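First to last, the protein sequences are chains S and G. Residue 1 is where the first sequence starts when you use the numbering used here, and the numbers rise one by one after that. Residue 1001 is where the second sequence starts when you use the numbering used here, and the numbers rise one by one after that.
Misleading hints may appear alongside valid ones.
To be verified - Pairs of lysine-lysine, DSS-like flavour, derived with a Cα cap of 27 Å:
id, chain 1, residue 1, chain 2, residue 2
1, S, K14, G, K1133
2, G, K1065, S, K197
3, S, K66, G, K1065
In short, the hints are calculated from the structure, not lab data. Please read these numbers as outputs of a predicted model, since none were measured by experiment.
Residue-level listing of the chains:
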Amino acid sequence: MNALSADEMERFQKLSNSYQPDVQGPLVSTKQSSHSIALDYSNADPTLATKTNALAITHPECRIMKGDGNCGWRAVAFGYFETLFALRDTLRIETEIRRMKSLTTLLERVGLSDSIYEIFVDATEEVLNRTHAAIQNGAQDESFLVDAFNEGYCSDAIITHFRILTSAWMKLNPNRYQAFLPMPLNQYCSSRIDPVKTEIDEVGLQALIDGVIEGSGFGVEILYLDRSEGDVVTPHQLSSNSPSGATIRLLYRPGHYDILYPVETLNMAPIVNLQYGMTSDYSPWDQAALGFDVNSSLMAIPNLMQDTSFGMGAPMSPMPSVSPTPASPFRMSPQQDMYQSPMPTHAPIPPIPVSPPPQIAPPSSAPPPMTSLPSRSSDGPQIRLNPLVMKPNLSRSLPATTPFKNSPYNQAHFQNSDFEPIHWEPHERR
Amino acid sequence: MGSIKRISKELTELTESPPEGITVELADESNVYEWNVIMEGPEGSAYYNGKFLVKLSLPTEYPFKPPTVSFATKIYHPNVTNDEKGSMCLGMLRADEWKPSSKIAAVLQFARQLLSEPMPDDAVEGRIAEQYKNDRGRYEEVAREWTRKHAC
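Same shape as in the complex, but just chain G:
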């Protein structure tokens, strides 16, 4: 099936030349649809030095339906739900905005970029977004503390 062919190629590319701060592997060698991604907090962000486990899940209709990205490691971030799901909301991953020509590498790089530059206007955690906009110092303090506590 074409979708497995495409996923395998993307996995190979990502393993052979991983983007900065991102390493990927299959959660289970027999299932190409579930990936474990280790995302390093970008330098200069409140998440620096943290290593976040990100779950990437591909639908069987991939690449015609978007993957979903969720943080298994707890993270204090306006665009990640502060619950056991840790869902990350990315515009490019919405079902009606998804492009089959988008690469998983691009999705992961975009997600990591979001750690450096949160998008408070597109937030899923309104309270954190509010704090990010109005009290950046306090936000960074909490984010750093959570990173130390959960991601190191």
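Same shape as in the complex, but just chain S:
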């Protein structure tokens, strides 16, 4: 290589100093399929290909952050607002607004003046207020947050707010971080946390979670995509908050962070299937398509939450399209053998002995045609019966219906406030 003259060196140095990588795309993308990540790696190392393919199944959606040096900060900040929005709890947002304001004492304690930090705090508060309003106005999706984070000033200000909070938090808790740093903590903050567009590293990320996110009660999980052994990305919890609650999930590829959405949280509303026990071939229905609020309707069903065997009792409305009033014509009567539940029932309906096989058409024969629901022939409703209904000891197999079992509205779910495990009692058997 030819030696360069001083002038040339100087010119190259100037070019290098002013180099701005040409990164395309929005600061925060809309939700997209994780298959695009798998495609990126389809020709790469087989470990990466295997892991990204598995990832696309466990975490079908992702949100790509622009790789401009702020991606890690932006992913956590966006994840924080989005998680808060998904909970649709305005009280919680009010709590967060108060908490974010109270965190300014950290900034004061490290000597930042109000005139310096107020515009950053204002930006966070402004977006929290917008989130509050979006919940009250019944916003369908988080597009208002995507817009806010793609607006340069707003995005920069929130990220700066999170940076200065992290920096202050570290300076006030030096013993927690100094041992992990390659340089004195103050120097680390001033060269790695405070400057614009410096990428977040592991220590900085941990401090951001500890100082800013932890107090929100959200969990933070990072999925590391690397060439380590294994077929799946390596998850790592960065927060002591329960990962089973509201959780921000990040995908880490060396030098870059994005947001991931696992299968379970695609629909943040608990999945409750009102056709429970009636059929097995239901398709998951969309809560938004229903004309009523599912949760309050469920709560209105007498004894539903008190009953350990709830979901199996008589008061359930058989179809979600029918208003679940107790006066439903679908209340069982002795004539309606066709859909008498073999389950233990409760007053007011006396238990009816059922000898399953003879009374019900065998599953192999064609099911009777479904009539339109409100009007029925006088000899009782005709309905396709789930073969499961005919199983003799259904009382134990029923609660295993996956979507319902996993719902915290199920009293048998450990997160239910009235949690009580299902117990089987011999006298309940028929």
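Since the structure of chain S is already known, use the hints to place chain G on it.
Chain G alone, transformed into the frame defined by chain S:
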């Protein structure tokens, strides 16, 4: 907009309690992004008794992008370009080292400090830096002469 709010507050603070040897005003009352700064040469330096007009220019993205500082008054200094721009090269003002929590007051104080203690290893004028390191007497002589000629 937050950036104007922040600039106004900083301007007020700087006007009410100016740091030693520094006075600021807007170059044009209707534009908060362009400032005129009068910087007095620090005592004990070759620039003592000189009054330098320094232009401070704030980007609209301030405080997320750094201000630029340039000497409108000619000055003989290793860290100021010896051309019509008079650009001052400060590490803290580089786009990738800038901290949005830095104050303009701190930038100006740092610039004035640089008059007392030039940083020849970070120089933009290699020849002046060389002279500063190897022939301090001659450097001071020229700097004093330029100060007398241009800044008094």
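Item to check | Structure-inconsistent hints, enumerated in ascending order | outcome: none
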